[in-house]
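K.L.:
Given the structure of chain B, go ahead and fit chain S onto it with the hints provided.
Top line first, the protein sequences correspond to chains B and S.
Numbering that gives the first Met the number 0 applies: residue 0 is where the first sequence begins, and numbers increase by one.
Numbering that gives the first Met the number 0 applies: residue 0 is where the second sequence begins, and numbers increase by one.
Don't take every hint at face value.
Claimed, not checked - The calculated label-pair distances, taken between Cβ atoms and stated as ranges, are:
{"hint": "1", "chain 1": "S", "residue 1": "Pro210", "chain 2": "B", "residue 2": "Thr85", "range": "14 to 20 Å"}
{"hint": "2", "chain 1": "S", "residue 1": "Glu7", "chain 2": "B", "residue 2": "Glu17", "range": "36 to 42 Å"}
{"hint": "3", "chain 1": "B", "residue 1": "Arg8", "chain 2": "S", "residue 2": "Phe199", "range": "14 to 20 Å"}
{"hint": "4", "chain 1": "S", "residue 1": "Leu45", "chain 2": "B", "residue 2": "Arg206", "range": "54 to 60 Å"}
Please keep in mind that the hints were generated in silico from the structure rather than gathered at the bench.
Glycine included, every Cβ here is placed at the ideal spot set by N, Cα and C.
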Amino acid sequence: MSDAEEAIRLWFPVSRCEEIVPRNVVQTELLGQEAALWRDDLGFVNAWENRCPHRGVRLSIGLNTGSELRCQYHGWWYASITGQCTYIPAHPGQKPPNVIKTKRYGCAEQYGFIWINLGDQPDAAAVPVLQLDSYTTMRSVFTQAPVDLVAQSLIEAHNFEPATSAGNYILETTGPGEKSVLLLQPMNAEQTVIHGLIPSLVRDADRLSVLRQFNGRVSEMRDAIERAAA
Amino acid sequence: MIKLYDFELSGNCYKLRLLMGILGVPFERIAIDFYPGREHKSPWFLKINPLGQLPVIDDHGFILRDAQAILVYLACAYDPSGLWYPRDDARMLGRIAMWLGCADSITATASAARLHDSLFYDFDIDKCRAGAHALFRVLDEHLWFAEQEGNDWLCSSKHPTIADIACFPYVMLSEEGGVSRLPYPAVRRWTDRVKRIPGFMVMPGIFGASPAASE
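One chain only, chain B, in its complex shape (with noise of 0.2 Å):
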C-alpha cells in the first residue's frame, strides 16, 4: 500500500464537505501534491491544484468570488467547473486563449467528505464503498507522521483493522459495540490527517459531546503516534 504509483489512482478524503465553505479556499496535500479546493456559490467543488498556470504562486491565497478563483499575484480569474482563465486585467479587451486552464483533480463529494483523485483518469464510481446507512463525520485530526505509521499503530496499539478491501486508508473499530471509522489522507512522506465518523446519526442534543469525546480519543492516539515518529 505504500506504493505511490499504486496509491496515485485510488480516491482519498480530503475535508469534511461542510468545511468547504462559501467564499473560502481550502488548502491540502495528497501523495506531496498541493491542491485548493473551494466552492462556488451554486455548491459546486472545485479541487486544483494549487498553482496558478501563470506564475505558480498558490492558488490557496487567492479569492473565491463564489463563480471563479482570482489568483492573488496578478488577478488572473479562474472559471468554477471547468478551470478555464476568462480574465486577464493587464489584457482586459483580450479573451484569454483557451489552453489557460487550471489543472483539475478528480472530486467527488461522499459520506460526508470531499474525496479527491490525482490520477489522469478519475473514476468517481471507485470511491470507496463503506456500508454505511447513515453517518455523523468528526473533527479530522492533522498528525506528524506517515501514513504507514499511522495505520502500522492504529492497529496494533489502538484496536483498528481495515474496513475495506483498499488496504489500511480506512479503518475500523474491532470487537462489539458501535464502530468509529478512521479514513487516512496520505499528505506527504511525513504528515497524515485523520477523517473520522461514526456509523450513526447523532441527536441535536448529544452532539457537541459526541463530537468532543471523538476528537479527545483521536487526539490521544494522534499523540501518541507522534510520539513513536518523533
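P.N.:
Just chain S, lined up with the frame of chain B:
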C-alpha cells in the same frame, strides 16, 4: 490626535492600526526605523519606552506601550458599543485576557520565526516554529468547536473582540517565518471572517478577502 509610534512591517503595530481603523479613530503614524536602523533602541526612543519595543501610543500626553495593553485602552476609550471589550462581563473579560496572553505567545514563536527568516534575528528557528505549531493546533481545535457551537470568534461571542484583533496578525504572517497554516483549516475560516469585519485594512503580507456571499 493619537500618535502611534509605528513600523509598517510590525504585526503588533498593525493590530493597533486595524482596531483604530475599524473604530474610526483618527491617528497619526510616526514611522520608527525598526529595521535596519534599530531606532526603537535609540536613546531618544528609550525615553518613551525603556523596553525599546514597538508599538507605543501617545494620546494627548498619555503614553502607553504594549500592543495588547493598548488594545484594551483603545477599546475602553473609543468603542461606544462596548462590544470589543465588554467591561461588565466577567467571563468575557477572563477569556479576552487569556487570548491576549496567547497573542503574546504567538509573538514569541510565529513572529520570532518571521524575524529570524526575514530580518535575520538570531533565534532558535526550530523551537520558534514548533512553538507556533503547538499554539496553532490549540487555536484550530478551539475555533473548530466554536463553529460547532455557532460562534465565529475566539471568545464565544456573537461579536468579535480585541482578542481576535490581537491574535490575527502574526497568525496571518506565519508563512513568512516558515510556519504553514495548511494543517489548520478552522484558523483559515476565522481569518477570512476577520478580513470581512467592516473597516478591515491590510498590511504588507496580509491580503483582503473576497466579499461575503449575499444572503
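K.L.:
Next, verify each hint and record whether it holds.
P.N.:
Results for each hint:
1. S/Pro210 with B/Thr85: 14 to 20 Å: This hint holds: roughly 18 Å between Cβ atoms.
2. S/Glu7 with B/Glu17: 36 to 42 Å: Holds: the Cβ-Cβ distance is about 38 Å, inside 36 to 42 Å.
3. B/Arg8 with S/Phe199: 14 to 20 Å: Hint violated: Cβ distance 44 Å, outside 14 to 20 Å.
4. S/Leu45 with B/Arg206: 54 to 60 Å: For S/Leu45 and B/Arg206 the Cβ distance comes to about 55 Å; the hint holds.
Hint compliance for this structure: hint 3 is the single one not met.
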